[in-house]
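> Okay, so the sequence shown: first residue is 1 according to my numbering, each after it adds one.
By construction, these hints were calculated from the structure, which means they are not laboratory data. In this text, a Cβ means the ideal position worked out from N, Cα and C, and glycines have one as well. Each hint should be verified, as a subset may be incorrect.
Between beta-carbon pairs, the in silico distance windows are [to be verified]:
#1 Y71 <-> E42: 42 to 48 Å
#2 I50 <-> R73: 31 to 37 Å
#3 I18 <-> Y63: 15 to 21 Å
#4 F9 <-> F72: 19 to 25 Å
#5 R73 <-> N46: 18 to 24 Å
#6 Q11 <-> F72: 16 to 22 Å
#7 L70 <-> Y22: 18 to 24 Å
#8 K10 <-> W68: 15 to 21 Å
#9 R73 <-> K10: 29 to 35 Å
#10 I53 <-> K10: 28 to 34 Å
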Amino acid sequence: MMAVFKSSFKQSMIVFGISVIYFFVLHGGYDLLTQYKYWFTEYCANVLGISIIYFVMSLVFNYAIIIWKLYFRKH
1 MMAVFKSSFK
11 QSMIVFGISV
21 IYFFVLHGGY
31 DLLTQYKYWF
41 TEYCANVLGI
51 SIIYFVMSLV
61 FNYAIIIWKL
71 YFRKH
């Protein structure tokens, strides 16, 4: 049981990592060094916020599937 939860957590971490990289590239992260400090902090807040949403959504989705499977195994 715990192994299933751990694997879904690992999967969520992978999604989290991919989303960070994806939004970094999408928002033109390569220009970071040439931008102003306020832009940098705004950028970080956006990426962090979106990544956390992705992470939470993937966790909820994975746990919902696990609970669904366990429920149908009992019935």
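> Look at each hint and say if it fits the structure.
Structure-based check of each hint:
1. Remark: the range hint 42 to 48 Å for Y71 to E42 is upheld by a beta-carbon distance near 43 Å.
2. Distance hint check for I50 and R73: the Cβ-Cβ separation is about 35 Å, which falls inside the suggested range of 31 to 37 Å.
3. Taking 15 to 21 Å as the suggested C-beta distance range, the pair I18 and Y63 conforms, at roughly 19 Å.
4. The supplied range of 19 to 25 Å is met by F9 and F72, whose beta-carbon atoms lie about 22 Å from each other.
5. Separation of R73 from N46 is about 41 Å and departs from the stated range, judged on CB atoms against 18 to 24 Å.
6. In this structure the supplied range 16 to 22 Å holds for Q11 paired with F72, their Cβ-Cβ distance being about 21 Å.
7. Take L70 and Y22: their Cβ atoms lie about 32 Å apart, and the range 18 to 24 Å is violated.
8. At roughly 19 Å, the beta carbons of K10 and W68 sit within the given window of 15 to 21 Å.
9. Taking the beta carbon of each, R73 and K10 are about 22 Å apart, not inside 29 to 35 Å as hinted.
10. Restraint check, I53 to K10: a C-beta distance of roughly 19 Å breaks the suggested window 28 to 34 Å.
Violated hints, listed in ascending order, are 5, 7, 9 and 10; each of the other numbered hints is respected by the structure.
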